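Asker: Chain by chain, the residues run as shown.
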Amino acid sequence: MLSLVLIFIASLFFSGLISRTKSILSGRKGPGIFQPLKDVARLLRKGTVYPATCSFIYRMAPVVYFASVVAAILTVPFNGLSGILSFQYDFVFFAYILSLGKFFCIIAAMDTGSSFEGMGASREALYSMLAEPAFFLVLGSLGLLSCNNSFVDIFSHIDFSSTQALVLGIVAAIILTILNMIENSRLPLDDPKTHLELTMIHEVMILDYSGVDLALIHITGYLKFALYAALVANIFIPLARSFIGAVALFVAIQALSAIIIGVIESFYARYRMNHNPEFIFALTAVAFLVIFSTFCF
Amino acid sequence: MFEHLYINNAETIDFAAIPQIADYGEFSSYIKESLGSVSRHCVNFFGVENTIAGKVILIVCIADDESHKIEVFSHLCDKNAVLAHCGVAALERYEREIHENFGITFEGHPWFKPVRTAADDYPFYHADSEEVHEVGVGPIHAGVIEPGHFRFICSGEKILHLEIMLGYQKRGVEKLLVAEAPLEKKALTAESIAGDSAIGYSNAFAMVNESLCGFSPSEEMLYARTIAGELERITIHTGDLSAICGDVAYQLGSAVFGRLRTPIINFMQKWCGNRLGKTMVRPFGLPYALTPSLRDDLLDTLAKFEKDFREMSHKIRRFPSVLSRLEKTGVVTAEQAREIGAVGMAAKSSALCRDIRLSHPYFKYDSLTHEPIVKHHGDVYSRTCVRIEEVYQSLEYVRSLVAEYPFGTHKAQPAQNMRPNSFCIALTEGWRGEICHCALTDADGKFVSYKVCDPSFHNWMALALAVRGNEISDFPICNKSFNLSYCGHDL
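Each protein sequence line maps, in turn, to chains B and Z.
Residue 179 in the numbering used here sits at position 189 of the first sequence, and the numbers go up by one each step.
Take any residue in the second sequence, count from 1 to its spot, add 7: that is its number in the numbering used here.
Because the hints were derived from the structure by calculation, they are not lab data.
All figures in this text were calculated on a predicted structure; none of them were measured in a lab.
Some hints could be false.
Said to hold, decoys possible - Keeping only pairs whose Cα atoms sit at most 30 Å apart, straight-line, the calculated BS3-like set for lysine-lysine is:
no.	chain 1	residue 1	chain 2	residue 2
1	Z	Lys165	B	Lys19
2	Z	Lys192	B	Lys183
3	B	Lys183	Z	Lys277
4	B	Lys183	Z	Lys314
5	Z	Lys314	B	Lys19
6	B	Lys92	B	Lys183
7	Z	Lys311	B	Lys19
8	B	Lys183	B	Lys28
9	Z	Lys120	B	Lys183
10	B	Lys19	Z	Lys382
11	Z	Lys418	Z	Lys311
12	Z	Lys120	Z	Lys192
13	Z	Lys165	B	Lys92
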């Protein structure tokens, strides 16, 4: 329950913090930290327009997408307390409930019949598929490290007494942060700021959404950011000795993740589209390295 | 054979002096033969309605870079005549335009389709295949850009073919310039043909008008116009560099170049009251002379600009993640550039030296010993480098022109009447490439025909070739690296 509340609170700041970082680093004044929330509030007051070609799938996709992310959040533990949903191998449920949401986004994009959105859908499907092994390898190695098989047990039984374990924990955290950027279509794979449909991945799939639906998709995006950062935080929470320390660590890791994403987006150009798979494969290779190292314990 | 006529840039001749080749076969084979040399390219090819009803005079202007002259010759044919395509790819768009205006058909033309008047049901090139898909973009785009339709045929992410359809901004500029109107109004029209080349266009317009009147502009006018032209080049190149960085999502470059453009356009605002240099150049006069205080301001602005520009351009030319996007993307080979008759920046990036400042110098360029920047790879990176180095070059030119600027020497001279039955062609090098204005006067010394040719008219084909075999997600960066004009093409 606590993780649900914390993730919801963190999601309010996450996107705003990224854009603040970016505007400060490029020497601009930039919008305030709450601008994303103001945008959502504005969208919620607006009416919704649907393309003439779409079916019920298009209308239900934002809700399914939102619900899938909330369901995934329910499984996330905090400081030894299990999430609302907790069972053996719940991280498999976590990964595939997110995929379900994404699947609906993809078929909804195809539903519009627009050639742009079909292109975006095929790109999104490809990159999520490629990113999946990395996630399971990381979670698998954390499971091996703690000899457990559910989120709450994995995260509360990681033994950071040895330096090797700490190094592996840090590498796993880096992989999860990069996965966060891939899953949320950020640089270097996708550019959320571009207005050029031909280069977009995620943005082009939601081009036709408006009003409440678009607001829901944005909210889901913010939640997803905080969700992955919460997994990163969970790896290190055993290091905190008190409850207050755990909350402080959680907040610090959320903020750090947002700032890191902002810094990367400020100083790097985007990859060429055909380099994206190579980048994700490299990530998977590192994840393999992590899992092999855990066998050595 | 016939008497060849070679004229200088912005020289006025009697219309009757233009040699006429009576036989179309000879006319078209001479065009082909003449364009066989690398140093020659066609700067304009158009039809003019003749005083004899039902007849059209086709006029060809071919620039010769070696002799620094322009060869002009013509052919008289019937309206709605059926002629043969001359076999030069660079002229195919001109032939389509002539067909649109006079109904003349060119047989054997590679793709006889509309230039500016596509109907809604225009049949785009289409591939009947299960494996390829088509993507249509525009004419209304996301973002504040001009209208144009792009039809891609793709296999997965790879572009196999791109068809570009323009004409959504046809305003009938050439007719407006011929119609009876005060000179000031026409000058406004001329500089609004393509808003990003306001000075390039108004320079060409002033050259044509002054030459037809036998008016020789004062030294101060020439200096002011040349400086304004180079400042326009700096402004637009810097803005485009910002946009290129933006397209590869390199935020730092986009922000820095975007900021650098502002002080230069703000200086133009101080100088002539318009940030894009509109009203800066007017025929027969010098509305805004440079003053010593403006000069100090300009030199100060340029010094500050150059420091940051050097740092940022140095960075993007060495930054791996930017280079990996720019290098080997959107390649136009030297042969392709030559075949389609590319001009200006697009040509210079593909190892083809086409620069009016060198080949047909006007204003103060003959005293500047201009050496065009030529790159050899023809990719987006080459076009970026041409921009960066042209900015450095323009900074030098502006400084040396300002140093010898003849302050306060301009004296107003009365405007004269235009010579009757005359022809004049003026070429200027805008930031995008050569801008060509041709004018013809009637027996009363009034315009009877005014033909404008924007560099984009030559270069749109280069974009279509550049994107072939590239990923569709790289189209925007290819497009931005050329930054061609839609309104300059549509007129």
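Asker: Identify every previously stated hint that the structure contradicts and give their numbers, smallest first.
Answerer: 1, 2, 3, 9, 10, 11, 12
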